[in-house]
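> Modelling step: build the complete structure from the supplied sequences, incorporating the hints.
Residue numbers (this note's numbering), protein chains in the order written: chain H, 396 to 625; chain Z, 600 to 1166.
Keep in mind that the hints were calculated from the coordinates and are not lab data. Possibly wrong hints are sitting among the right ones.
[Unchecked claim] Far from chain H, by Cβ distances over 10 Å, these chain Z residues were calculated:
(1) 675
(2) 720
(3) 788
(4) 820
(5) 896
(6) 917
(7) 928
(8) 935
(9) 947
(10) 988
(11) 995
(12) 1038
(13) 1084
(14) 1160
[Stated by the list, open to error] Derived EDC-like pairs: lysine to aspartate or glutamate, alpha-carbon spacing no greater than 20 Å straight-line:
(15) H:455 with Z:1080
(16) H:455 with Z:698
(17) Z:724 with Z:761
(18) Z:764 with Z:837
(19) H:455 with H:530
(20) Z:782 with H:598
(21) Z:764 with Z:752
(22) Z:1117 with Z:1032
(23) Z:833 with Z:763
(24) Z:764 with Z:908
(25) Z:782 with Z:1062
(26) Z:890 with Z:931
(27) Z:782 with H:590
(28) Z:1117 with Z:752
(29) Z:920 with Z:893
(30) Z:1030 with H:598
(31) H:455 with Z:1062
All residues carry an ideal CB built from backbone N, CA and C; glycine is no exception.
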Amino acid sequence: MNWSLNELDAMARKAARGAGYSWGLAEEAGRATRWLAAAGLPGPMCLAQLLAAVDGADFKDFTPAVSAGRCTADSGALCPLLTGVALCDGALDYSPMQGLTLSNLSAPLLLLPFVAQTFGIQASGTQSSGVPTSERVRLRWAEVQIILAHGAVYLDGVVGDLTCAQAESVTLDPAPAEKSPKGVLLAPQSRAVIDVATRTCLEGFAQRTFAPATEASRLAGAGAGLSDND
Amino acid sequence: MSTPLDNPYHDIPRRDPGVVMRLARMGASHQGRLSFMRILLRRMKAENWHFDVPLFDIDARGVGRAVYSAHGPERSYSLVLFANDLPPEKRSDRVIATEWDVTFTLFDGIPTADDITRLSQNVPKQEAGRVTQTELSVSRANRSVRLFDHVVDRLAKGQQPDPEKITDVGYLMRTTAVYGSGKLGAADREQIAERPEFSAPFQVEMLSVYLTRAFVLDLVEHLAWLRNPKQAVKLDPDLRRGFGIGNSTGLGMAPFLLNHPSLLNNWICAREEGLARVRSLAVATPEAVAKMRDLTLRAVVNADRWRTDHPVQQTRLATLKADLALLTAHLETADLFQDQPWNRLWLWAESSLGLEGQEQLAALVTEPYGALIDEMAHCMSADEAQTFRIDGAMPLAQVTQLIEQIYGWALDIDWAARDAQARVWYTSQEKLEPRLGERFDEPVAAYEQPLSPGRDVARAYKDLQTVDAGPVAEFLLCHPEHRHVIRRLQIVARCPYAEIHDNTISSDMMPIDLLRLKLSFFGAGHFDPRSDRWLRITMFGNAPFPHELANADPDSWSYPPLSDVPG
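Structural data, given as structure tokens:
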């Protein structure tokens, strides 16, 4: 069974909220997961991994800080959502030309949509408005290299590393000027494929945002009570 | 030669968001030229769409299936439907229902037999089934037993139904949900948004409902014929056109306007631009004045036929009728030809009419000016991805200033007062649908949805007082709990009609006001609240049927014809 991207966005948003992220960050989680799925990448699985890892944590400890080109957080691990929005908002002391090293980044693939947004690249391979750029950026960890260039995404790497729970060191830097970057050019997808375990996990987190029903809420909450057989 | 009508520039500004975006005024909205049903019919008429029924297999109990197809210049769409014989005790408008008289999907193209078989296993289950990206909407409808049986009985006996009964109800079936945009696995809006026929909002849903109405009228005639083939007659065409299609809508729809601020802005902005253009006209032609006067009389008939049992709407309806009487009298003597006649009429209305009358007039004055108004249909969609990104470089001083400018009304509310925070928007576990709870009486606050921008902005404003100058990015790094509302503030700063200037969780807030604004943009009429949080409406009443569209005016149906005034 495949999913519409709107369904995935909504489920990811609710799941992130259920795991304790603020509504604004939950919205970002929805968009980021959708972006990855639309690029044919396993965003839902990475989100499920992240939520399981941060469940119950104090999110303040994940606040990213940059010193001498290295990004870290008090908790010891970086959250890709908090780090991603900080990057995108311009809250990190970072120069695109010099690059950035991120230490112990959980679910590193989830950082990609924020890098793309920072550099104005949509999953569909077109350049979005806002941040016109001719820059070529590269995101690397373990055996994975992702290059954003010419408004497109090129992926080179090992599947296991792509979806790893945490990467010890992730680097974001300018990509070398090559005519055709190394790796597979990602083709835009209109549907999301979500495996059963991922779905179960995300739905479990999303469930936490729903209030248990009572008979009173069934009637009063929606305002019914009259006959509809008329 | 250029005439004042050709001039798109105007000197009368659009109405202020602080006036327009109040819940009480939103709850007095009326359909108009830019309503989505009318945009749909104008396009289908202009493009010579044609319609057929490739499958109609329904037995005497009303059980079976049918396909209604609409063919545009480039693509075809088909309403695939499954009809059921529902026991009366199962007939519920509520989202908790599990069976319906008829279930529908709008198919992208012409379905094969295999498609229909697949859909027959899913569409009748609605939320419990799955569709795919070849389906654009999923919906269902129940009979209005008050009228349905009467009409079939009469037709089977060779008689026409009682016009009074038709007026009392207005429709033979009521839809209880029309899902689009990726719901239940259907195609995402983004997949079809580039098609010209779907560039305006909710065109998929409106097409689905338009074809549903055609089916329902065919169904009663078919059932009457099966019951008594020798005597049965078809409906008189004029009487037939009087039937709309009902809709029952509740809280599921209410948060939509809060969740789609830039889209809301584009709807309202188009409407307000239209009103400003008409008010700015230096003169009016006799034809335009005659049309406006004629439609006002027809609006009186429309109000007379409007039935509701709800005390709030009864009061509003009485206001509307009184306002229309004042307007009719004023139109008899007022000079409507020169010296910015529509602006003078508008200023008179602002000081003489209530909200119902003012909003009715806002729709009526634009009716003669299709050439000025209709092009705005192209501006009513929104690419929300374009407004999602936060401008992190915005200085905090600017953030504070924007809050004070736009949300002064929210800063003036005492949010510590119980009445100000009495309500909680939450999602029920049972049906995953929005509900409204009482914060101080029910254990629902922990599940609160972010549907109170006024309160949330006031909270952010308070925290902004505690930080030094700098970019908003740094504030958000320490205060991720304000992220959603800072995003919203930046959207509203660019889109003046994106925000509702009222407390959406106060003890006296009525969700039906939100519903009425949205439904009037659909083109609905005869709003009939069943409580403060759900209502019934009629859609496409008096509209030409698909087989009549080629020879009909696609706009003239939105007020009932004067010739139908009962004796």
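> All hints are to be evaluated individually against the structure, with a verdict given for each.
Taking the hints in turn, this is what the structure says about them:
1. With a least beta-carbon separation of about 20 Å from chain H, residue 675 of chain Z lies farther than 10 Å from that chain, consistent with its non-interface assignment.
2. The claim that residue 720 of chain Z lies off the interface holds: its Cβ sits roughly 14 Å from the closest Cβ of chain H, which is beyond the 10 Å cut-off.
3. For residue 788 of chain Z, the non-interface assignment is contradicted: its Cβ lies about 7 Å from the closest Cβ of chain H, within the 10 Å cut-off.
4. The beta carbon of residue 820 of chain Z sits about 23 Å from the closest Cβ of chain H, which is more than 10 Å, so the claim that it is off the interface holds.
5. Even its closest Cβ contact with chain H, about 32 Å, leaves residue 896 of chain Z beyond 10 Å, as expected for a residue assigned away from the interface.
6. Every Cβ of chain H is farther than 10 Å from the Cβ of residue 917 of chain Z; the closest lies at roughly 22 Å, confirming the non-interface assignment.
7. In this structure residue 928 of chain Z is separated from chain H by more than 10 Å, as the shortest Cβ-Cβ distance comes to about 38 Å.
8. At roughly 43 Å, the least C-beta separation between residue 935 of chain Z and chain H is larger than 10 Å, which holds for a residue marked as non-interface.
9. For residue 947 of chain Z, the condition that its CB be more than 10 Å from all CB atoms of chain H holds, with the nearest at approximately 38 Å.
10. Non-interface call for residue 988 of chain Z relative to chain H: violated, since the shortest CB-CB distance, roughly 6 Å, does not exceed 10 Å.
11. Listed as outside the interface, residue 995 of chain Z is consistent with that label: its C-beta sits roughly 13 Å from the nearest C-beta of chain H, beyond the 10 Å cut-off.
12. Every CB of chain H lies more than 10 Å from the CB of residue 1038 of chain Z, the least distance being 12 Å, so the non-interface label holds.
13. Non-interface call for residue 1084 of chain Z relative to chain H: violated, since the shortest CB-CB distance, roughly 7 Å, does not exceed 10 Å.
14. With 10 Å as the threshold on Cβ separation, the claim that residue 1160 of chain Z sits away from chain H holds: the shortest Cβ distance comes to roughly 28 Å.
15. Simply put, residue 455 of chain H and residue 1080 of chain Z have alpha-carbon atoms about 11 Å apart, close enough for the 20 Å limit, and the pair holds.
16. Proposed proximity of residue 455 of chain H and residue 698 of chain Z is contradicted: the alpha carbons are some 48 Å apart, above 20 Å.
17. Between residue 724 of chain Z and residue 761 of chain Z the alpha-carbon distance is near 35 Å, which puts this suggested pair outside the 20 Å criterion.
18. The straight-line distance between the Cα atoms of residue 764 of chain Z and residue 837 of chain Z is roughly 15 Å, inside the 20 Å bound, and the hint therefore holds.
19. Straight-line distance between C-alpha atoms of residue 455 of chain H and residue 530 of chain H comes to about 32 Å, which puts the hinted pair past the 20 Å bound.
20. With a CA separation close to 16 Å, the supplied pair residue 782 of chain Z and residue 598 of chain H stays within the 20 Å bound.
21. With a CA separation close to 13 Å, the supplied pair residue 764 of chain Z and residue 752 of chain Z stays within the 20 Å bound.
22. Between the alpha carbons of residue 1117 of chain Z and residue 1032 of chain Z the distance comes to roughly 18 Å, so the proposed pair stays at or under 20 Å and holds.
23. With a C-alpha separation of about 18 Å, the suggested pair residue 833 of chain Z and residue 763 of chain Z falls inside the 20 Å cut-off, and the hint holds.
24. For the hint pairing residue 764 of chain Z with residue 908 of chain Z, the CA-to-CA distance comes to about 16 Å; that is within 20 Å, so the pair holds.
25. Taken as a hint, the residue 782 of chain Z and residue 1062 of chain Z pair is broken in the structure, with Cα atoms around 38 Å apart against an allowance of 20 Å.
26. Distance hint between residue 890 of chain Z and residue 931 of chain Z is fulfilled; the C-alpha atoms sit about 13 Å from each other, no more than 20 Å.
27. Between residue 782 of chain Z and residue 590 of chain H the CA atoms are separated by roughly 19 Å; this keeps the pair inside 20 Å, and the hint holds.
28. A C-alpha spacing of about 36 Å is found between residue 1117 of chain Z and residue 752 of chain Z, which places the hinted pair above 20 Å, so the restraint is violated.
29. Taken as a hint, the residue 920 of chain Z and residue 893 of chain Z pair is honoured in the structure, with Cα atoms around 16 Å apart against an allowance of 20 Å.
30. A hinted pair counts as satisfied when its Cα atoms are at most 20 Å apart, and residue 1030 of chain Z with residue 598 of chain H qualifies at roughly 14 Å.
31. With a CA separation close to 16 Å, the supplied pair residue 455 of chain H and residue 1062 of chain Z stays within the 20 Å bound.
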